[in-house]
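Engineer: Sequence:
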Amino acid sequence: MHIVTKKELSKSELYKSILRRRDRRAAESTEFILFAAKVLEINRITSNHSVCLRKRKRDGEQVVTAQLTCNKDYVDGMLQDDNAFRVLQGVRNSSHHWHQEGLRVRAMVRQFGLPHIFLTISAAEIKWLELIVILKKVLDCETINEEQAREISDQHKATLIQRDPITCVRYFDNRVEFQHRESQHVHMIIWLSDAPIYIPQDEDNNETVCKFIDEIITCSTDYDVEDPIYQLLPLNTHRHTHTCRKKCNRGVKCRFGIPFFPMDKTRILSPITPSDGES
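Residue numbers (the UniProt record's numbering): 1 to 279.
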């Protein structure tokens, strides 16, 4: 495909333009999407490789040459210092990418302290009526409202989502991780302002922390049908599936430890010390 433009486009800009056009043939082609991703990743690694080869050693005396790359001791030293993986900088899901992300998270922990909430969010595109309205207009050239989108079968909604993954991906605020079912899966840590700090062996502090937990987390299923939270209950109720089971020596066990021991109220359980065990 040859495109005449006044400005030379990068491959990234070119592929974005092709995938976002009104003609959705490229966006509906899984082969083209994967090919474009492969080309961009190879170009990024090649560019990083050229930069790394131009770098000198820390003492500023020796330049990387073909002879050095054939030296086993030199290569082992590069691997030991992780310098050999710098070519993967900027490549998502690579070892160096997650190393940099880990440094960023640790810096946030040092600055803000320990996070208060760990949150897992999964995308439920079939439940997003506004997305179904967009897909019907983009793919089938049909204008419908959200009430009509609600009447569409789940199978047809899934077909629309699978036909145009580009529109679905653009609908997300950010991309983090995708499961085998091709939906976004986010692991998130959150810092809250004015959150109480847990102090072990302090009964008054324990009550304050438990009260704070009850304000943001609940295990209750008793809600009014008209309450918007009631619609979220089926999506947040745990059911054992093959993804949450793991094999152990004594059989199959849920990796989340569910079911939990029942309690009548929120409690903070402290680890058992050797003295507690003896008593």
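Bear in mind the hints are in silico, worked out from the structure with no lab data behind them. One or more hints might be untrue.
Stated by the list, open to error - Pairs of lysine-lysine residues, derived as BS3-like cross-links and limited to a Cα-Cα distance of at most 27 Å, are as follows:
hint: 1; residue 1: Lys-157; residue 2: Lys-16
hint: 2; residue 1: Lys-6; residue 2: Lys-16
hint: 3; residue 1: Lys-157; residue 2: Lys-127
hint: 4; residue 1: Lys-253; residue 2: Lys-265
hint: 5; residue 1: Lys-7; residue 2: Lys-38
hint: 6; residue 1: Lys-16; residue 2: Lys-136
hint: 7; residue 1: Lys-157; residue 2: Lys-137
hint: 8; residue 1: Lys-211; residue 2: Lys-253
hint: 9; residue 1: Lys-137; residue 2: Lys-16
hint: 10; residue 1: Lys-137; residue 2: Lys-127
hint: 11; residue 1: Lys-136; residue 2: Lys-157
hint: 12; residue 1: Lys-11; residue 2: Lys-38
hint: 13; residue 1: Lys-16; residue 2: Lys-38
As the list claims (entries may be wrong) - Label pairs and their calculated CB-CB ranges:
hint: 14; residue 1: Pro-200; residue 2: His-97; range: 30 to 38 Å
hint: 15; residue 1: Arg-163; residue 2: Asp-73; range: 33 to 41 Å
hint: 16; residue 1: Phe-256; residue 2: Asn-205; range: 23 to 31 Å
hint: 17; residue 1: Thr-243; residue 2: Asp-23; range: 56 to 64 Å
hint: 18; residue 1: Pro-200; residue 2: Met-108; range: 22 to 30 Å
hint: 19; residue 1: Asp-140; residue 2: Cys-219; range: 40 to 48 Å
Using N, Cα and C, we set each Cβ at its ideal position, and we do this for glycine too.
Engineer: Are the hints correct? Go through all of them and say.
Structural biologist: A quick look at each hint next to the structure:
1. Lys-157 - Lys-16: 25 Å, holds
2. Lys-6 - Lys-16: 17 Å, holds
3. Lys-157 - Lys-127: Roughly 9 Å between the alpha carbons, so the hint for Lys-157 and Lys-127 holds.
4. Lys-253 - Lys-265: 26 Å, holds
5. Lys-7 - Lys-38: Within the cut-off at roughly 24 Å; holds.
6. Lys-16 - Lys-136: 21 Å, holds
7. Lys-157 - Lys-137: 13 Å, holds
8. Lys-211 - Lys-253: 31 Å, violated
9. Lys-137 - Lys-16: 20 Å, holds
10. Lys-137 - Lys-127: Holds, at about 17 Å.
11. Lys-136 - Lys-157: 9 Å, holds
12. Lys-11 - Lys-38: 11 Å, holds
13. Lys-16 - Lys-38: 14 Å, holds
14. Pro-200 - His-97: 30 to 38 Å: Between Pro-200 and His-97, where Cβ atoms are some 37 Å apart, the hint holds.
15. Arg-163 - Asp-73: 33 to 41 Å: 54 Å, violated
16. Phe-256 - Asn-205: 23 to 31 Å: For Phe-256 and Asn-205 the Cβ distance comes to about 28 Å; the hint holds.
17. Thr-243 - Asp-23: 56 to 64 Å: 38 Å, violated
18. Pro-200 - Met-108: 22 to 30 Å: At 24 Å between Cβs, range holds.
19. Asp-140 - Cys-219: 40 to 48 Å: Holds - the Cβ-Cβ distance for Asp-140 and Cys-219, about 42 Å, lies within 40 to 48 Å.
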